[in-house]
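Protein chains: 4
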Amino acid sequence: MKTIKPLREKKNTAILLIHCPDRQGILATVTEFLNNNRGNIIYLDQHVDREEHIFYMRVEWELEYFAIPRNKIGEYFNTLIGQPLKMTWKLDFSEEVPRMALFVSKMPHCLFDILARYTAGEWDVEIPLIISNHELLKPVAERFGVEFFHIPVNKDNKEEQESRELELLKKYDIDFIVLARYMQILSDSFVQQYPNRIINIHHSFLPAFAGAKPYHAAHDRGVKIIGATSHYVTSRLDGGPIIEQDVTRCSHFDTVQNLIRKGRDLEKIVLSQAVYKHLQRKILVYNNRTVVFN
Amino acid sequence: MKTIKPLREKKNTAILLIHCPDRQGILATVTEFLNNNRGNIIYLDQHVDREEHIFYMRVEWELEYFAIPRNKIGEYFNTLIGQPLKMTWKLDFSEEVPRMALFVSKMPHCLFDILARYTAGEWDVEIPLIISNHELLKPVAERFGVEFFHIPVNKDNKEEQESRELELLKKYDIDFIVLARYMQILSDSFVQQYPNRIINIHHSFLPAFAGAKPYHAAHDRGVKIIGATSHYVTSRLDGGPIIEQDVTRCSHFDTVQNLIRKGRDLEKIVLSQAVYKHLQRKILVYNNRTVVFN
Amino acid sequence: MKTIKPLREKKNTAILLIHCPDRQGILATVTEFLNNNRGNIIYLDQHVDREEHIFYMRVEWELEYFAIPRNKIGEYFNTLIGQPLKMTWKLDFSEEVPRMALFVSKMPHCLFDILARYTAGEWDVEIPLIISNHELLKPVAERFGVEFFHIPVNKDNKEEQESRELELLKKYDIDFIVLARYMQILSDSFVQQYPNRIINIHHSFLPAFAGAKPYHAAHDRGVKIIGATSHYVTSRLDGGPIIEQDVTRCSHFDTVQNLIRKGRDLEKIVLSQAVYKHLQRKILVYNNRTVVFN
Amino acid sequence: MKTIKPLREKKNTAILLIHCPDRQGILATVTEFLNNNRGNIIYLDQHVDREEHIFYMRVEWELEYFAIPRNKIGEYFNTLIGQPLKMTWKLDFSEEVPRMALFVSKMPHCLFDILARYTAGEWDVEIPLIISNHELLKPVAERFGVEFFHIPVNKDNKEEQESRELELLKKYDIDFIVLARYMQILSDSFVQQYPNRIINIHHSFLPAFAGAKPYHAAHDRGVKIIGATSHYVTSRLDGGPIIEQDVTRCSHFDTVQNLIRKGRDLEKIVLSQAVYKHLQRKILVYNNRTVVFN
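Residue numbers (the numbering used here), protein chains in the order written: chain A, 1 to 294; chain B, 295 to 588; chain C, 589 to 882; chain D, 883 to 1176.
So that you can see chain A by itself, here it is in the shape it has in the complex:
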């Protein structure tokens, strides 16, 4: 299905995400660099972690009158500012639409939510393929016009199947992966190919109830609130940097089935909020934590 409404007209901008050791004058240095070269800043936010002395910044500016040619911005910035100030930085352009792969298993709620936003033009993203270890959701992919690859995984074929997946991801030029209730654990070597570029949704308020069957565990413990957590995937199971969390109330009235039902709404919204922030290039990761700009 084609996008049902056109995306809003976008400005042609550059986005810079920075972190570096804090010191006087970084903010002035970066904003002057942009101002002096006629880069009209349309977004600027910064944060200083005053315990760890780290400076974080996101700045976005219009390219129209910017004096430095687009393909030279990175080089100039690095030479003049990035290297001298020991910055870790990433430069993106709003014109380059990120390409997302979706991994799913049998549960459709997150998949539907993402494809609905995609189709409705809520997000600036391309979703060229869906990979699943089950065939169940193939009809959903077809109706939304997204290619679907059924790649069953078990203990014995995991390495081989992950190789196939990686090939597909390369072939389709994928920038980042969203695990939309994909019930498989990715190998470390797979994860290392996409550092801070695999977003998972865990169906609990992490670090409570990491691992399998969190709603059953929540019911057993008799909690009064359940949650969902989206995070970047690292080699630590359910231990990667948290992007977004949300919760909802429950009570003695709620069976495990009720918790699962209520949780579905949490999961899909929390996952989509994390994907949105990622697409907006508003997330910085440091020390297994995130800075998520407004």
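No wet-lab data here; the hints were simulated from the structure. Just so you know, not all the hints are guaranteed correct.
Quick list of in silico lysine-lysine cross-link-like pairs, DSSO-like style, CA-CA up to 27 Å [stated by the list, open to error]: (1) Lys138(A) / Lys432(B); (2) Lys801(C) / Lys893(D); (3) Lys213(A) / Lys305(B); (4) Lys277(A) / Lys1164(D); (5) Lys865(C) / Lys1144(D); (6) Lys865(C) / Lys576(B); (7) Lys305(B) / Lys262(A); (8) Lys850(C) / Lys556(B); (9) Lys432(B) / Lys507(B); (10) Lys759(C) / Lys726(C); (11) Lys262(A) / Lys576(B).
Go by the hints and put chains B, C and D onto chain A.
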């Protein structure tokens, strides 16, 4: 698209919703009636409004061994209990799947959310048709395999077009209507055909910002929280009995566009929660307010 | 300080909390017993756990015209209903104001919140004494006119000091204990004297971050929401039945000090809500979980 | 009662709040001014309203090595930056502890909450006096060692009594006023003496239920969520710039009395959060809206 997973096996049950003047012994009378006739109660909740002296109750029981034939239950109950206790009551059977009509305009987020739940088998409902005053969302309806009727409405043709709509609703044997961001005001005579059977979503925390452009109004007022409200439609604009509300935080950072974006997620979840409660026959209306059972 | 405003005029009522194996007719049996003896029911709520087949109920009725003398109600109820239906039940009278002991250490926020409610007449309770392992909060106790006992505890004197505490609790005829950020772990033998009658506040969203320094742990993990949990104390550290939980948002912006500051407000409100429910006799405990009636 | 624990050691800092028409380079100009004069920045946040083209900023820096003498900072800043950039700005020093007056009537919950924080050393504030139109809460003031003035107000004596209040506020050198459920409407001429320096708590989710008896109105309307709103007082009743809002769920179960009870906790927390932000000098007002920095 067919439902992608089968509904859970349902028990064959009867559901009774009651309200009446409060007096001693109602609860005992009703439960004895069911127990004595071998109706295994699987849900019972009741509420007494001790200011207005009204008794509210929802009870659900299995029909398998129930002594009274299904088509006689209403008559027996009314004669033995309903009339003597001056009850307003409604009897439903879990086997009778309610039939919903969807009214939409141009915004797809609530439509997608409902069709996704429908397709995923989250809800026990039939959705045979979608009516819209615009053609924009026709492709969405088609992909989900639901009939779509384009019925443009303006000041001059409203009466005539509502007549067409009412015919369709009758033809398709519709039980209740969901206005999924349908941007038209229904006439009183239309509304009176479906009392407490038209569910609307208003994109504000009612009674704040009733009427048009609530996100603009919220932005102007500088609120720190925005909301969404689902309610039954009555002749009072945005004044019907409230079923569900939810809110999310905002700040000086949020432009009107941001509020609209955040609001979409609220709207679709709040509307779907209201529809779910309606489908569960868990809502009672009295004095323009709702009792919504757990 | 005397109560600054008089309590609302209270009705003279009896309150029955029940749980028992579920079977047909319990609700009818209990309500008929009360109706037949002219007990005007002013509150009734019940819950059936249909997985574990347990029936839970809270019922409150006026004693004014009740046919059974107050001191015989328990005996009659047990003989006629409790024993035959294998009920665990507890009978209370609204006239009997519960007596609470407060245990504190150095942090005053929960103490102030409780004493403010007490003084303002928000709660129907007597607080004859405060016990602390530090002297710091003695002036607070004095200003509110509550006796304060300084009982320092260390590894070597714990048994002896707990004996002193138990003596005081008996002397002052204490019904239940509230640990208002009391930073000591009570011994098992102490806890067993007050089963489901010691309420603690833990400064995290349990089961996440049990044990010491939860705000530091939350900060390290980079969570986006922090919480507080009130629970009955059992021999399992931070593992007793949860009564109430609440959460608040945090972000990369929040230092540990900020989390502690935000957490204080959560802690005092969550603890006081749990105490209120306990005072209302609205909590039932079964299988290390609570049923908390509305 | 003296503060029961010493305040954390404070750094000696200057705080600048700025708003002005947006243009390139403001941020660089301000930060360079501070850096060049050896002002170590410990907080910086800024916001640009890109619709109204207004730049907002809060910056805080250490005075220890700052090159400009404290009593000249304002003059230098204004000459070199403020005037040229058409800034509205305000300079504060962390050493200058703000002086707050409390206005109360009969309800003690907000009063207790504020006095508890004051006594506990949570806030950097002096509270030299409490003014009330009733005598009821005098004992509370006395126990906390704060002077209490009983100034009854009615239609006939309002002007005269407000004059007495204004005299007291001047005598006690009051910087700002907190209306802690003070049930009187201040005259316009009074309000104009303390622009954006009178903080009120309204017991509803404004703009819903402005005016008297909001909990009764909320109950009548059958809302599912109630709220509280703190705002600066202007000549528009309940219409001033909103500082903070919060909400809690309610249901058909809740009587007006229950709403009032639940609302008390909201009111006191929301009011105290607003006061905290004001004390932190983190609030900017523009166009009847607030920018509240983190």
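Inset, instruction - With a cut-off of 27 Å on the C-alpha distance, tell me whether Lys865(C) and Lys1144(D) pass. - result: Status holds; Cα separation ~13 Å.
Legend entry - 27 Å Cα cutoff - pair Lys432(B), Lys507(B): Holds, at about 25 Å.
Legend entry - Given hint Lys1164(D) paired with Lys277(A) - CA-CA distance at most 27 Å: Answer holds: Lys277(A) to Lys1164(D) is near 26 Å, not above 27 Å.
Inset, instruction - Quickly compare the C-alpha distance for Lys262(A) and Lys576(B) to 27 Å and report which way the hint goes. - result: OK: Lys262(A) and Lys576(B) at ~16 Å, within 27 Å.
Inset, instruction - Starting from Lys850(C), check that the Cα of Lys556(B) is at most 27 Å away, please. - result: Within the cut-off at roughly 25 Å; holds.
Inset, instruction - Measure nothing beyond the straight line between the CA atoms of Lys801(C) and Lys893(D); if it is 27 Å or shorter, mark the hint as holding. - result: holds (26 Å)
Legend entry - Restraint check for Lys759(C) with Lys726(C), where alpha carbons must lie at most 27 Å apart: OK: Lys759(C) and Lys726(C) at ~20 Å, within 27 Å.
Legend entry - Hint consistency between Lys213(A) and Lys305(B) [alpha-carbon to alpha-carbon, up to 27 Å]: At roughly 26 Å apart (the allowed maximum being 27 Å), Lys305(B) and Lys213(A) satisfy the hint.
Legend entry - Restraint check for Lys138(A) with Lys432(B), where alpha carbons must lie at most 27 Å apart: holds (22 Å)
Inset, instruction - Take a quick look at whether Lys865(C) and Lys576(B) sit within 27 Å of each other, Cα to Cα. - result: Answer holds: Lys865(C) to Lys576(B) is near 26 Å, not above 27 Å.
Inset, instruction - Quickly compare the C-alpha distance for Lys305(B) and Lys262(A) to 27 Å and report which way the hint goes. - result: Holds. Lys305(B) to Lys262(A) sits at ~21 Å (cutoff 27 Å).
Checked against the numbered hints listed earlier, the structure breaks none of them; every hint is satisfied.
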